[in-house]
Amino acid sequence: MEGQKKKIGFLITGGPYTFEHLDTAYHLSKAALKKGYGVSIFLYLDAVVALNKNIKSPGERHIPSMFKELADEGARIVACGDCAHFRGLTRDLLVEGTRLTGIATLAEIIEECNRFITLGMGE
Amino acid sequence: MKKVVILSTKPPYGSSINAEAFRAGLGLAFSETQVDLILIGDGVYGAIKEQSPTKLQMKPISEVYNNITDYNINLFLIEDSIQERNLDFEELAKANIISYEELKKMINNADVVLTF
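Residue numbers (my numbering), protein chains in the order written: chain A, 64 to 186; chain B, 45 to 160.
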């Protein structure tokens, strides 16, 4: 990987607002992007609903916008399509800059990352 | 090819986490990743051969673990977790039984650890 920029990846399984895993990933990603790292985030299980742009969070942080912000800064944000299907999250509901994909993409992210972190319900 | 260790820590029913750990492993194994799936703590309950969760409207996860080699996944069970739960080795799916010491080595040798 000499000469290439370092990459960090995340697998997140905990849902938004119930757990803080998405927030942790957001803050770590901001710091990594600032240091010039490539960032990839794979949302799995309940975490996928965090990309629903119709989420309303009066007076609270708006998690879909936080992930749009990361995407705007160059992070790759993808969510498991099967998990989305089971939760009624369709493509038209996705916040800009994010997309649905399969576990093959998780394998791809793991393959290319120097560091990979799981944040979720197994803790 | 990267080596991924998946730690499956949750019981097979009550949540989908145990099954989802397997599903993630399945997808990774299909994508040319070496997958070692480790049932640890309450995760070992998933390996009980005879399960009938139909009253819970769930499918028996044992069907998966009984045929794990079909999926190109290496299955490991933690010896201490089995003994702590008074399970007999005979009632569990065929798998590699390992100690915490062996687990430590596997984690050290892995490129990535996913915890479910």
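These are computed hints drawn from the structure, not numbers from a lab. Honestly, I wouldn't trust all of these hints.
[Stated by the list, open to error] Listed next, the in silico EDC-like pairs over lysine to aspartate or glutamate satisfying Cα-Cα at most 20 Å (straight line): (1) Lys70/A x Glu94/B; (2) Lys93/A x Glu83/A; (3) Lys68/A x Asp155/B.
Now for the hints, and whether the structure bears them out:
1. Restraint check for Lys70/A and Glu94/B: not satisfied, since their Cα atoms lie roughly 44 Å apart, outside the 20 Å limit.
2. Note on Lys93/A and Glu83/A: the hinted pairing holds, with a Cα-Cα distance of about 15 Å set against a maximum of 20 Å.
3. With a CA separation close to 18 Å, the supplied pair Lys68/A and Asp155/B stays within the 20 Å bound.
Violated hints amount to a single one, hint 1; each of the other numbered hints is respected by the structure.
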